[in-house]
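Q: The task is simple: from the sequences and hints, build the whole structure.
Heads up: the sequence lines are chains W and D, in that order. Each residue of the first sequence is one higher than the last, beginning at 2 in this note's numbering. Each residue of the second sequence is one higher than the last, beginning at 7 in this note's numbering.
Everything labelled a hint here was simulated from the structure, so no lab data went into it. None of the values given here were measured: they were computed from a predicted structure. Treat the hints loosely; a few may be bogus.
[Said to hold, decoys possible] No farther apart than 25 Å at their CA atoms in a straight line, the calculated lysine to any residue pairs in the SDA-like style are these:
{"id": "1", "chain 1": "D", "residue 1": "Lys118", "chain 2": "W", "residue 2": "Ile181"}
{"id": "2", "chain 1": "W", "residue 1": "Lys205", "chain 2": "D", "residue 2": "Ile119"}
{"id": "3", "chain 1": "W", "residue 1": "Lys110", "chain 2": "D", "residue 2": "Ser262"}
[Claimed, not checked] If you want the footprint, here are the derived chain D segments under chain W, 3+ residues with CB under 8 Å:
{"id": "4", "segment": "151-165"}
{"id": "5", "segment": "218-231"}
Note that beta-carbon positions come from the ideal geometry of N, C-alpha and C, so glycine has one too.
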Amino acid sequence: MLVWKIAFRNLFRQKSRSLLCGSSICGAFILFSISLGFSDGTYGTIIRMLTENHSGHVQIHRKGFLDNPSLHRHFRLNEELEQSLREYEEVESWTARIHSAALIFGERKSGFARVTGLDPEHEEQVTSLSRKLESGKLFKDSTTQEILLGAKLRNLLQVEVGEEVVLLGQGADGSIANDIFTVAGILKADAEMRDGNRAYLPLKTAQKYFSLGNRVHEIALHLREDGYAREQSVLLQQQMPNDNLDVQPWQVVEEAFYKAMAADMEGNWITQVVILFIVSLLILITVLMNTLERQHEFAVLLAVGTSPGFIFRGIVLEMTLLGFFSVLVGLLPAFALNWYFSQNGIVMEPAMEYGGMIFDQIRSEPTPGSLIIPAFAAVLTAFLVSLYPAFKAARSVPVEIMNRP
Amino acid sequence: MTKKKQFLRSLMLRGFVLAITLIVFGFFEWRPLVLAQDAKELLKRLDRLYRSDSSHAEMEMEVITENWERTMRMEVWTRGMERTLIKLLAPRKDRGIKTLKFDTQMWNYFPKINKVLKVPPSMMMSSWMGSDFTNDDLVRENTLADDHHARVIDHPKTPGEFHHIELVPLEDTVTVWGKITITIRRDDLMPVRQVYFDERGEKKRVMEFSDVREMGGRLFPAVMEMKTLGKNSRTLIRYLSLEFDPELSKNLFSFSQLRKRN
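A: What follows is the structure, given as structure tokens:
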């Protein structure tokens, strides 16, 4: 108990010394917290952009479609399946899609298009389709003879809203699918992700065009709570009326993207550890100065019979307490800054591309992890860096120290 | 030596030279030459079986794959070996789609989009209308005799019942097939089977002929079934009607006719 009392007293005995040392720990804590906040915020934004703009949280396909997407790997969107999705409480909204490819001809140019058939009303609830519009409008309904083009395809074909394009592809019944569509709208470039050349047809029109009847290739689900896609996909799989259906979270659907992001996150942690190491060196220097200037004091204590262990424990406890109080002081500004940057992101000029998604702003995210991890790291660092100076002070010879000028 | 003897000696000498010539240049080649000639004749007969100077047919094509089944009805006009026009009559959504073959080139016309598209060389081995027949089949089917070394060999199982023709492409023939064999009945010379092998000698497609009947004044197999091995699909062609040497309009095989929506 005495050691606690002395450690506390030492903290307040020389306030400016403690303030200097504590502010370096506090500063390191705040910086580390903001750094983690931005890291969480950036990856969180990436995941939200992916799930809310493209994939949804969970997707349903016919088994084998994800490994080998084919026009013929479809499933019937019947009342039973719709009912099971409506009854599943965690599903906030869902949208059915079909995927294929076709040659596309404008008045002047032609090219290749990845065609997606979607229901505008349902898609709006899952991926906010209207937010992606650059010009024009969405389809009136699911049966209209209209098409939405991605910006890349518009640039390739040199067509504008209101003009006609021809699609030539293959129907699911082996026929040659061919028809004329009016360009209803153009989607922004960042809505296309990495593969580009996107064209969107109303779901029923696309089903008729590709001779698919009421069959679809994909149902994308938006869950009430994100972050539980894996767990929900397992539970939802059990609700499926058909064994042929495969329910997978976005991490599996966008496997390549997810793996790249996970590797990037690991790389980011290495960077964080390097930053933490540099910060701990700074704290070490401050603590070392703090103990070195008290060498005479420790020598007197040793000379009057204080045990080296007591001195060692006293210094370590003092620094650990200093670290703890510094973190307590830094918690509020760290949270406030993270919150501020979550509301007011830093504008990127020029915009950055990640996995086909374009960022023009990076934001922080005040998660518990962005406060708890740096707090532990700061206190632990204060504890670790105090070990060497404490050891040095405890092992010093009083006569030698006291004879120094 | 009397004139008679001289004449006889000269005759013997000529006969001897002729015999040697025949032996050296003819005898060893005689059998293959005759068989090659037979093969060409048989192939020409095959070509003439379905064609004349001109023809007009209505047929049904049924395509059965593991994923889908589809039946198309079509009208086909031909002039010689070089010109063919195919027009789809059913199903309704494909009605009016046309294919024009002119020598070794092909175009497709799609009335819904009012577009004529030339089938590029890279697409020649692609399926025609989702069937087991390729675009190349339509263009090349009747030039087998011109593009291949043909010889008659013994039928592996029943030589007394069938002719067996082996076709190997000429050096300058552009084709994916390493060999084609055709089996023909000896008694009425009706084709029974046509097998396509790749360059490694693996069997890739089999076409079988059946339902021999008289149509348009000729006896011929009214049903052809093409199976693509390893793909689990087959295509049946049934002749519904056939007329030989009808009066065909001069511009029937033209682009203006191809584009005509009728």
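Q: Next step is simple, just say for each hint if it's right about the structure.
A: Quick rundown of the hints versus the structure:
Using a Cα cut-off of 25 Å, the hinted pair Lys118(D) and Ile181(W) holds, with the two alpha carbons roughly 8 Å apart. A distance of roughly 19 Å separates the Cα atoms of Lys205(W) and Ile119(D); the hinted pair therefore holds under the 25 Å criterion. Under the criterion of a C-alpha separation no larger than 25 Å, the hint pairing Lys110(W) with Ser262(D) is consistent with the structure, at around 24 Å. Three residues within the 8 Å Cβ limit are the bar, and the segment 151-165 of chain D against chain W gives 0, so the coverage statement is violated.
Check result for the segment 218-231 of chain D against chain W: violated, 0 residues qualifying (beta carbon to beta carbon below 8 Å, three or more required).
Going through the hint list in order, the structure does not satisfy hints 4 and 5.
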